[in-house]
Amino acid sequence: MLERRSALASAKPYVSAALKIAERPGFTLTQFAGLDGDFENKLSAVIGTLPDKVARAQVNGERTIFRIGPAQFWIVGPETDDAASRLAGLCAVTPLSSSRVRIALEGAPARAVLARLMPVDFDAAVFTLGNAALTGLHHTPVTVHCTGADAFDIYAMRTFALDVWDAVTDAAREFAASR
Amino acid sequence: MSAFRRLPQGGRIDRAKPVSARFDGKGLPGFTGDTLASALLANDKLLIGRSFKYHRPRGLVAAGIEEPNALFTIGEGARTEPNVAATMAELTDGLVAKSQNAWPSPDFDLMAVNSLLSPLFQSGFYYKTFMGPSKGSWMFYEPFIRKAAGLGKATDLPDPDRYDMRFAFCDVLVIGSGPAGLAAALTAGRSGARVVLAEQDSDFGGSLLSGNDAEQEAWRVVCVDELNSLSNVEVFTRTTVQGLYDGNLAVLVENRSRLHPDASKGQPRMVLTQLRARTIVMATGAIERPLVFSNNDRPGVMLASALRSYANRFAVVPDKRAVIVTNNDTAYQSALDLAAAGVAVTVADHRTNVSADILARAGAKGIAIFPGSGIFDVEGSKGVKRVKLGGAHAVTIECDAVGMAGGWSPAVHLSSHGGIKPKYDEAVAGFVPGGFPVSHFGAGAIMGAFGLSAAIAEGANAGASAAAFAGFGKTRPVYAPEHATDRTYAILPSWSSPQDAKGKAFVDFQSDVTIKDVKIAHQEGYRSVEHLKRYTTLGMGTDQGKTSNINALALMAEYRGITIPEAGTTTFRPPYAPLTMGAIAGRTVGAHFRPVRRSPLNDWHVKNGATFIDAGLWKRAWYYAWAGHSPETAYVKEMELVRNGVGMADVSTLGKIDIQGPDSAEFLNRVYVNGFAKLPVGKVRYGVMLNDDGLVLDDGTTARISENQFYMTTTTAQAGEVMSWLEYLLQCHWTDLNVQVASLTDEWAGMAVSGPKAREALQLAFPDADLSDAALPYMGCRDISFDGVTLRLLRMSFSGELAYEVHVAADHAISLWEHILKAAAPTGIKPYGLEALASLRIEKGHVAGLELDHRNTLDDLGLGKMAGKDKDYVGKALRFREDCQRPERWSLVGLELMEPDKKLRGGAILFAATDEIKGHGRGYITSVTWSTELNKFIALGLFDGGLKHEGDEIIAAFPLKNEQARLKIVSPHFIDKEGARLHA
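From first to last, the protein sequence lines stand for chains A and B.
The numbering of the first sequence is the working numbering, which starts it at 106 and goes up by one.
The numbering of the second sequence is the working numbering, which starts it at 1474 and goes up by one.
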């Protein structure tokens, strides 16, 4: 198979004892959009419970489901996922696995770093496990998902990924290991 | 003889921690807790600068953010920061400060000659004098005038410090930590609400920091300790709220300079916070006003409250005697505290009746009071020597300092950033907030409550109300210290000096505006305070009139015979106080200034000798090293490769949109001017779309992948706009259409394989695919599978040659690109860049971004015939409006250079051969290239009347380089007009 290459292949690694910032590759991202009134039932029949609002992501097994707009969902599954083939013909299916890069942040300073980047309330009592936000980072659209107490995934556009990476690691420079 | 001295004990300075700064090249010792201002006074440096216009000797006026005179350049080299108020600069080891606007020194300033010429420099002098003799005179004189006057000078060197920014959220933002602010923050904090307390000073307490009452200090400490103990409360010192905006957005700037932050470790010197608060409590306090009298700007003439601050907080007092001039009771706090510190104090009180209580307390401290008196004049040019009183007691008093107590101006600035004008309160003799939005509250001196217990009560109340508004009902209020009393105010407003003396009486110290200037403005007919400000420059500068505005507008009202409310105030705008540009820029400097967009093939281009060019946010491969090392020669070689063999270009930047749903064909049929309803599956069509104003929005291609799925490409420049446009149409206009769209620009990479050997190259790369003309004809499209990956082949051409675009999921782009280059190596395939790509299309006569500039119609671009006559499409109605049908519209033409020794430039202005070369001409060149086929420069352009002039000889002028060249108008299709190459 043609080799895959990450948009962050040339990114400068970020090293810190307190904060991990790393690409989290190996996922399938597919957009599912409704073409009839029964769309969400069809989708949930295959995928399971759907998130009821944009601000909360739903994790069903290996899949994370984001509601991204009216009758539009993103499903992030494992590297090999049959969701798209099972839903083909039932709705509009658009593969987007190459279009986004997933950057994970984990560690006590993560919330402070995110607060330097996005106009979202990342307070530990507010942006809790499962919360999601479609917002902007370094002038580009991103999706942020809280995956743990101080753990987050950022889905950034592939073509801006290197700059988003630089913006994130620059915002976290204070916590980086001395060079 | 000294004028000021440091007391042997007392103050909030830490005498165990001496620090040493430098001022004008000399050592300036002080203690931790000092400001640059207090250290200067403690070292008896009274004369510290020269005034803006007249270069008069100046000293400190205030102890806080309102300081108009003591502005210094702090730091050296790249860290030079001009116009820093000494009162806001904490004294730290190694701090270097320099005086400004004086040469060679403030003490002996040669520019003080300006003072002798002062009769010339009154308001309007510059505007009236330097407007002639010719139209551009002001431009000539301005640099000299600015050099003679002015403030500090910034450095051009890159700032080595780091500035951070962050977003924050809270339930209650309390601005100011005086008694009202502390009470508000603590009361709100006790409710469990998320509270942010922002204080511009280096410590919490506001006016309490300038007091000397042990019980009040204990109250302050208890409040601050409790605030620090609450996990739901964040407190910030050295943090100025610079502006309030819609949606309760507050911009806070924290100054961490004292920590000597290390930028290489990511430590910022300043942090700008965009804070969104559910509610806001304004406890911003009040600023004391000076009084206006002759020579009130002499060094040593200060605000009475500043004398008190320096005495109690910094343990610095006038050496022997101070004279305080007042029109209200609050000055006596200063008088009593100075007297307690051993300074002889005389008070000149404008009021004839002073309360018995004050007389008794002052008398007990040996303070002499002259009721019904004011200051007639101040003597001593470089420092106060004596004052002459006027009024009931015309006596002369030797003294070291003068304290002015003209009343208090509530700091209403932030309350009016949202557009609510402050209102005049007669009892306060000042402006108070004109009202608040429902989620805003005010407490303390900003509301005119100058007493301690009243401020605390108001603060507690506001804190509770704010918390309740944010949904936190239950709290415990904060109570005032047991013996706190509300001082009396009893102001008798007095705006001008009771008698005229000869000296200048300043209204605005920083802008050097005197009472005479205000009079002149009035005499010249300036009736509005806004005009007064602009004519006299009063209220401008770094202090924005914090001490001068009210006096000025009261004087103006007096001259005009109107009331102060009728005169009104000028408009307060952010920022509240000066802030360095670095704080605004934050981290978005250098490489972080704007986002950079990179193709999925970017890393390959970098490794393989591409030179890049910015195209919007994109970094695009401009040309490759194999073809040369200058764009002028490399692109020509790359063009030759495509015309004679085969080349491959990265076209991943094109916009790509997935369109799905049963109504997709109908949707496209409405969006494009040409028909798409009957586009067969497996075919691609070129399409043009208009804005609803009838002008061209974009062009591109759309392939029909299946009955209900289409694949659209747009130009690189308009990708985002077209995507938004399609979503807008579906969501707002055609909700009946069952269509979903999704951007694929980042998902798919694109490679254009172009040239007579293109099919041969791709056949080598994909030997299992049938790429014959029959299987994949011109404008055909097909998905194939290669090495486990789906590829989309689209046979279409931008260059005019036999060409294909190969699209693939972006993750696989580099592998596929490398595979094609390797497999097709026998064809001589090489990469070509953007310059060649854009030049090849000019030869073919394809329009692109330079022609699609949202000003042209279909007909202007020669595409009118494409539009469907019998169908409707966006922009159809307005396309036919009169202006769009004018025969003389600038329309697309091809241009050939007729003088081989010359060159053409994009943007050159086109003239008819007989025209005078002047003005905007009859059109311009949009795109230009060297044609490898025609061996000459060719161009596309827009020309009055377009191809009606085919064959005419015209002139291209490029005035910036003083160039002119003769051209011939030709068809824009320079090569292969029949399209034989495309169909090969």
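Check before you lean on any hint, since a few could be wrong.
Said to hold, decoys possible - Stretch-level coverage of chain B by chain A, calculated; a stretch enters the list once three of its residues show a Cβ under 8 Å from a Cβ in chain A:
| id | stretch |
| --- | --- |
| 1 | 1769 to 1776 |
| 2 | 2129 to 2142 |
| 3 | 2284 to 2296 |
Because the hints were derived from the structure by calculation, they are not lab data.
For glycine and all other residues, C-beta sits at the position ideal for the given N, C-alpha and C.
Status of the hints after comparison with the structure:
1. 1769 to 1776: violated (count 0)
2. 2129 to 2142: holds (count 4)
3. 2284 to 2296: holds (count 7)
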